[in-house]
Amino acid sequence: MLDDDQLTRYARQVILPEFGEDTQERLLSSSVLVIGAGGLGAPLIQYLAAAGIGRLRIVDDDEVELTNLNRQVTHTTSRIGTAKAASAATMAQELNPGCLVEPVIGRFTADTAAELIAGADVIADCSDTPETRYLVNAMAHQKGVPVVFGGAVRMEGQITTFASGRDRSSPCFRCVFPETAGHDLAPRCSEAGILGPVTGVIGTMMAMEVLKQCLLPRTPLGEGLVGRLLLYDARGQTFMPIKISPRPDCPLCGQR
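Residue numbering for the sequence shown follows the numbering used here, starting at 2 and increasing by one per position.
Take these hints with a grain of salt, some might be off.
Unchecked claim - What follows is a set of in silico ranges between Cβ atoms, one per label pair, in the way DEER data are often shown: (1) 244 x 103: 29 to 39 Å; (2) 17 x 167: 20 to 30 Å; (3) 155 x 82: 26 to 36 Å; (4) 169 x 13: 33 to 43 Å; (5) 218 x 119: 19 to 29 Å.
Note that these hints are calculated values from the structure, not bench results.
Predicted, not measured: the structure shown is a model, and the values here were computed from it.
From the three backbone atoms N, C-alpha and C, an ideal C-beta is built for every residue, glycine too.
Work out the full structure: start from the sequences and follow the hints.
Written out as structure tokens, the structure reads:
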């Protein structure tokens, strides 16, 4: 049962007819691995901590820079030079002391992947390199852990959930992105630019998707994005869903 402080803290979501105390208790027992504490990870971490996810493990090997602060709202000017994982963890703990936050200052690599995923109910992939994304995809498929994926550059963003390790109808990341995109198709924010609110939109939507995945198989929060890639264009404030399916010839999850 929720204690008095928890009932007060989460009151506005607990009173939702489709939510209730039992749903909050399920969130409090959930564990999420967040890979990347930058533009997408910043709003994601804030909303997951605020919503009452019981455990957050935040992985990032970078430090806060002045150029980050137009979009990475977890961090502050006073934390320039601080490890992003530690900075984000400080914010999350200040926001919700009841959330167990573990900062990991390092990269998600083949050597660290199994240990980092251990115990996670959901992975939020906010990384910014294709090598990391392919590794996250492979390890998540092997371990049967769903991955909420997001990306943003310039004034555009995208989000979906890959659950190929536990759902035969779900594609994996490699089904949708079979090869690393060239520089012209996938430039980095440091080269192409990024408008801060775009990462806020995608990161917040990722948080909503993580909550849905944490509450499966009986989520009261509606349908998730497995099988749909949602594209966002800030210029016209438009969203476009695209149906995505498993590829039988996928070298990772094909012929499951």
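Going down the list of hints, with the structure as the test:
1. Range check, residue 244 to residue 103: about 36 Å between beta-carbon atoms, so the 29 to 39 Å window is met.
2. A beta carbon spacing of about 27 Å between residue 17 and residue 167 agrees with the range 20 to 30 Å that was offered as a hint.
3. A hinted range of 26 to 36 Å for the beta carbons of residue 155 and residue 82 is consistent with their spacing of about 28 Å.
4. For the pair residue 169 and residue 13, the supplied restraint of 33 to 43 Å holds, since their beta-carbon distance comes to about 37 Å.
5. With their beta carbons about 22 Å apart, residue 218 and residue 119 fall inside the hinted range of 19 to 29 Å.
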